[in-house]
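Given these sequences and hints, build the entire structure.
Line order of the protein sequences matches chains S and G.
For the first sequence, the positions run 181 to 378 when this note's numbering is used.
For the second sequence, the positions run 105 to 163 when this note's numbering is used.
A couple of the hints might just be wrong.
Between beta-carbon pairs, the in silico distance windows are [as the list claims (entries may be wrong)]: (1) G/120 - S/194: 32 to 38 angstroms; (2) G/138 - S/202: 43 to 49 angstroms; (3) G/137 - S/285: 28 to 34 angstroms; (4) S/204 - G/149: 14 to 20 angstroms; (5) G/137 - S/207: 20 to 26 angstroms; (6) G/161 - S/305: 23 to 29 angstroms; (7) G/138 - S/189: 36 to 42 angstroms; (8) G/150 - S/323: 17 to 23 angstroms.
FYI, nobody ran anything at the bench for these hints, they're computed from the structure.
All figures in this text were calculated on a predicted structure; none of them were measured in a lab.
C-beta: ideal position from N, C-alpha, C; glycine also.
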Amino acid sequence: MLPEGYKRNYKGILDGLMKVVDEGVLMRGAAANGAKLAAICASMTNAFDWCKENSYFYLGPSWINRFWATGVAATIGTAVSLPFDAIRMRMHTMRPLPDGRLPYQNSFDCLVKMNHYEGAAKHSSNLNCFFAGGQAYWVRLFGICWVSQYILDYYHGGKNVSEFWSPAKHKVQTGIDYDVHEPFTDGFNQFMNSKWSV
Amino acid sequence: MAYTTARVWGFCYFYDWVNPDPRRTARLDYYIMAGTAGGFAAGVVSNPIELVFTRMQVD
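In structure tokens form, the structure reads like this:
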């Protein structure tokens with residue numbers, strides 16, 4: 181995609197890492213990358229759990245619980261982490277300006293400059309500069325969360341998993357939360373599963 | 105507004121520790137802080153790989 185002179189032409193991860201070390205920028209954008217993951221970890225599971233448990237009250241063991249809870253969690257995860265991802269992307273891929281200076285000094289400087297030059301109504305723009313590519317980002321996040329829950333189901337349904345996870349063996353939906361399921365509720369879950377599971 | 109927010113937050117948070125009334129509201133759990141700290145650490149550690157991977161993508 182880039183013109184030939186602009187390409188970095190890393191042969192692989194190891195080659196790239198060595199060139200990055202030579203360049204001296206191994207930790208460039210680390211704060212933004214950390215903030216992005218922190219925002220995802222701190223925001224998504226709470227919303228997922230709340231949505232799933234509340235709709236479970238009305239729907240019982242339906243696939244809809246997992247679907248809509250994952251959708252809400254992915255939306256919140258996108259809203260809080262994409263700004264940091266945009267900063268991380270710029271920090272990771274930036275090149276020197278014609279005068280030799282770098283456009284951004286650090287992640288916070290990048291945040292301030294994006295907000296000042298691109299996020300202002302004065303420049304006919306708004307905070308959407310932090311959310312460019314948000315739809316693809318949401319789809320990717322949703323897909324990762326959706327697929328990984330079925331992989332977890334498969335794992336929890338196996339023989340080498342402790343008794344704590346036994347609800348998964350009876351098709352009670354688990355997710356990325358750590359609820360303790362007490363016996364009465366689990367018995368009722370199994371009854372609902374046997375009668376009305378969809 | 106900042107003063108009032110801090111004042112009310114301080115009352116709600118600290119009084120909850122000494123209030124003997126059993127009808128207290130639920131406190132925030134600490135998973136959110138664990139998520140923040142763990143996520144940040146993981147992001148910093150994985151930054152070199154992300155950096156190289158992103159540069160290979162945009163090439």
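At the C-beta level, are residue 150 of chain G and residue 323 of chain S separated by a distance inside 17 to 23 angstroms?
Holds, since residue 150 of chain G and residue 323 of chain S (Cβ atoms, about 20 angstroms apart) stay within the stated range.
28 to 34 angstroms as the expected CB spacing between residue 285 of chain S and residue 137 of chain G, which holds or is violated
Holds, at about 29 angstroms.
Given the hint of 36 to 42 angstroms, is the C-beta distance from residue 138 of chain G to residue 189 of chain S inside that range or not?
Holds, since residue 138 of chain G and residue 189 of chain S (Cβ atoms, about 40 angstroms apart) stay within the stated range.
Given a hint of 43 to 49 angstroms, does the C-beta separation of residue 138 of chain G and residue 202 of chain S actually sit inside it?
violated, 36 angstroms
With 14 to 20 angstroms as the target window, see if residue 204 of chain S and residue 149 of chain G comply at their CB atoms.
holds, 19 angstroms
Assuming the hint says 20 to 26 angstroms, is it satisfied by the Cβ distance from residue 137 of chain G to residue 207 of chain S or not?
holds, 24 angstroms
Outcome of range test on Cβ distance (residue 120 of chain G, residue 194 of chain S; 32 to 38 angstroms)
The hint (32 to 38 angstroms, Cβ to Cβ) is violated, given that residue 120 of chain G and residue 194 of chain S are roughly 53 angstroms apart.
Hint says 23 to 29 angstroms; check whether the CB-CB distance for residue 161 of chain G and residue 305 of chain S agrees.
holds, 25 angstroms
Comparing the model with each numbered hint stated earlier shows that hints 1 and 2 do not hold.
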